[in-house]
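*Asks:* Here is what each chain is made of, one letter per residue.
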Amino acid sequence: MSNFSAPSSYTEGARRGLADDTLQKNLQHLQNCYGRGAFEQWAGLADPDLRDKVKRRRMETLDNLDVVLSVLIDNVREKNGLVYCARTAEEAASYCLEVARKHSVKLVVKGKSMVSAEIGVDTLLQNEGIEVVETDLGEYIVQLRQEPPSHILGPSVHLNRRQVGRLFADKLGIEYSDDPPTLTKAARKALRHKLLHADMGITGCNIACAETGEISLVSNEGNIRMATTMPRVHVALMGLERVAATMEDHRDLLNLLTRAGALQKISTYISFNGGPSPVGDPDGPEEFHLVLIDNGRSKILADPEFREVLACIRCGACLNVCPVYGRIGGHAYKSIYSGPIGSVLTPLLYGINLHADLCKGESLCGACLDVCPVNNDLPRMLLALRNKLAYGDPGWQTTPHKPSEALAFKFWRMLVTKGARYRFALATCSLIQRPFIAENGMIAKLFGPAAAWTKDRDLPPLAKQSFRSRWQRRKKEQHSINGDEDDNGRGQ
Amino acid sequence: MTPKVSLFIQCLVDSLYPDVGDAMVSVLEQLGVSLDYPEAQTCCGQPAFNSGYSNEAKAAARHFIELFADSEAIVCPSGSCVHMVRHYYPVLFGNEDEATRKLTDRVASRCYEFTEYLVDVLGVDKVKARFPARVTYHDSCHLLRGLKIAEQPRRLLSAVDGLEFIEMNDSDICCGFGGTFSVNYPDISTAMVDQKIDNIIASGAEFVTGCDVSCLMNIQGRVSRRQEQIKVKHIAEILASSEAEP
Chain A
1 MSNFSAPSSY
11 TEGARRGLAD
21 DTLQKNLQHL
31 QNCYGRGAFE
41 QWAGLADPDL
51 RDKVKRRRME
61 TLDNLDVVLS
71 VLIDNVREKN
81 GLVYCARTAE
91 EAASYCLEVA
101 RKHSVKLVVK
111 GKSMVSAEIG
121 VDTLLQNEGI
131 EVVETDLGEY
141 IVQLRQEPPS
151 HILGPSVHLN
161 RRQVGRLFAD
171 KLGIEYSDDP
181 PTLTKAARKA
191 LRHKLLHADM
201 GITGCNIACA
211 ETGEISLVSN
221 EGNIRMATTM
231 PRVHVALMGL
241 ERVAATMEDH
251 RDLLNLLTRA
261 GALQKISTYI
271 SFNGGPSPVG
281 DPDGPEEFHL
291 VLIDNGRSKI
301 LADPEFREVL
311 ACIRCGACLN
321 VCPVYGRIGG
331 HAYKSIYSGP
341 IGSVLTPLLY
351 GINLHADLCK
361 GESLCGACLD
371 VCPVNNDLPR
381 MLLALRNKLA
391 YGDPGWQTTP
401 HKPSEALAFK
411 FWRMLVTKGA
421 RYRFALATCS
431 LIQRPFIAEN
441 GMIAKLFGPA
451 AAWTKDRDLP
461 PLAKQSFRSR
471 WQRRKKEQHS
481 INGDEDDNGR
491 GQ
Chain B
1 MTPKVSLFIQ
11 CLVDSLYPDV
21 GDAMVSVLEQ
31 LGVSLDYPEA
41 QTCCGQPAFN
51 SGYSNEAKAA
61 ARHFIELFAD
71 SEAIVCPSGS
81 CVHMVRHYYP
91 VLFGNEDEAT
101 RKLTDRVASR
111 CYEFTEYLVD
121 VLGVDKVKAR
131 FPARVTYHDS
141 CHLLRGLKIA
151 EQPRRLLSAV
161 DGLEFIEMND
171 SDICCGFGGT
181 FSVNYPDIST
191 AMVDQKIDNI
201 IASGAEFVTG
211 CDVSCLMNIQ
221 GRVSRRQEQI
231 KVKHIAEILA
241 SSEAEP
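Here the protein sequences line up with chains A and B, keeping their order. Reminder that position 9 of the first sequence reads as 9 in my numbering, one-by-one numbering, no gaps. Reminder that position 45 of the second sequence reads as 45 in my numbering, one-by-one numbering, no gaps.
Some hints here could point you the wrong way.
[Stated by the list, open to error] From the structure, some residues in chain A lie toward chain B, with a derived Cβ separation under 7 Å:
{"no.": "1", "residue": "336"}
{"no.": "2", "residue": "361"}
{"no.": "3", "residue": "363"}
{"no.": "4", "residue": "413"}
{"no.": "5", "residue": "446"}
{"no.": "6", "residue": "449"}
{"no.": "7", "residue": "457"}
{"no.": "8", "residue": "467"}
[What the hints assert, rightly or not] Ranges between beta-carbon positions, derived for each pair:
{"no.": "9", "chain 1": "A", "residue 1": "56", "chain 2": "B", "residue 2": "90", "range": "19 to 25 Å"}
{"no.": "10", "chain 1": "B", "residue 1": "159", "chain 2": "A", "residue 2": "403", "range": "22 to 28 Å"}
{"no.": "11", "chain 1": "B", "residue 1": "204", "chain 2": "A", "residue 2": "33", "range": "20 to 26 Å"}
Derived by calculation from the structure, the hints in this document are not laboratory data. Heads up, the beta-carbon is just placed ideally off N, CA and C, and yes, glycines get one too.
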């Protein structure tokens, strides 16, 4: 049985994350190492304009996605690969099940794939009595724990080796150890058995290349190579945006992907798959399926405000620099896609109102934009999402999110557009605040929405004299010294 | 020719930290800058804009642009407000008539953050100031990433008489303020500012400074609640200081 229960809300998830010492320690390490490291990678690029160039090509590809995808499909079919285009998650998962049924599949091995979690294919297969085993070590660990991954690239980043040791002792029947090589060996032994006996491999797709009709997968554990060549059938799942038009584009994207996510010039393994193994070749699957998955992406593609988010290559670098993710961890987001990228993608895929907390729960510090290999302006898109929450947007089935907040800003507008009204409001607050000022000169307790501030922080009181009053007095004094000389003050 | 500056006093400086405004005035006057202060100014609109209320933000922006339409240079002791005017005003008025867009661009391009104005416009690397203390510096997000200002304040601080400048770890990581974020998600915000304060203390500095009172208010508010010894000052106050003791 899983001990994991999804948090009831973002705030509740955040609270849990903040109270988890292991998570705090691991995230600190992750960000110090991989977050800082990604910036060092960018500083060391031979071509400092590479990211701009790749982004341009990425957007050109998205602008012509229909053409690029049809080239990809033609070229995969040319190699006797089978291609299926799924409009929804359900269609994609059902297709996988059909293929599994056709081949009487009993055991599926998986390569790490976020989109497989997006379409919920594991549950569908398991309900049919098919065993599904993750082969990426991190994914394997969270699968054994029956909990979702907490990072796009490092699914089990929230755990320490003692937790993994206890898990393996329990699930794999080995003697308890917290020695990482021992644990890795145990996983390797268990997984090797599964890989040798699997009937079907399911993987994602890091980047497809339309020109060559192949998908590529990067890994450092060698599991991808086995999962894509040992079983009789290989099904590759691909979000329809994950394609490069040419091999040159593909090379540049791959270069940025492994640097951004893993600080590697190139990953240990890169696998290219485009079809079944040729007749007479003992290596490779008998059947290759590429499943192109829309599941809300074409709607994003059609909106010029959000198209940019489809340029993402899921390197995970934005999680490694985000100060919010770095405190609360991935489970708080209640979505497969966490961190800054998840905060934009999840609302767009699953509903802006439903995931309002993801749109609003960032400080807009901009570190994600700075580190992104394709310069995705996530802060801009978060603002655009907040704009939809403020006023609603039927095109995105979004309704105004918080009437009280809307009212507050209407009132605020009345104040800030008229100097006199603004001054009057400040003078009123200045009177009201008096009983709240503590001995140390700070306000320690407020009511209403401001109470959230004084929960853990003090607030300085309004000054006895505002800058404006001081300025006016100064001007008056200068006048009385200098006579009636013209001053520069203007605007009442 | 005497440089002319219109003072853009961030709303929080006006009402909570007027000393910061006074300090900026004193530094600029010492450098022979002629100052004016459009008295009807209120708020640049950032709180509404960052919360998604672009119509309300636009109303505030319109008020601001009218007030500062003729200014030669607009100088503000807050990076995030300058970022709002410089980068988001042109977005807000992007679909307006040409005259409005031109005026917006004019105001946007003449708006400077205080240390940026000193170093990049006036060419000043050192002001006459004395502040004998160990000081560390917090990089505010919009200042650093939006306006690319990091070098200017450090140069000015390092040149202050008696001041020992110390870098803290992760000076470029968000303090957790984020405007309404801090009241909508106080737990996350507090965890972020706690880490900032831990880094400040670990640096061994007596003072933390920065170019944005919003962040400093957040840090000061938490420092006060935690009853830490660290003192918080805006950079203008340090640059205007002539005390033997800070």
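*Asks:* Now tell me, hint by hint, if it's right for this structure.
*Replies:* Outcome of the hint check:
no.	hint	in the structure
1	336	violated (21 Å)
2	361	holds (5 Å)
3	363	holds (3 Å)
4	413	holds (4 Å)
5	446	violated (10 Å)
6	449	holds (6 Å)
7	457	holds (4 Å)
8	467	holds (4 Å)
9	56/A - 90/B: 19 to 25 Å	holds (22 Å)
10	159/B - 403/A: 22 to 28 Å	violated (52 Å)
11	204/B - 33/A: 20 to 26 Å	holds (25 Å)
In this structure, the earlier hints numbered 1, 5, 10 are contradicted, and the remaining ones agree with it.
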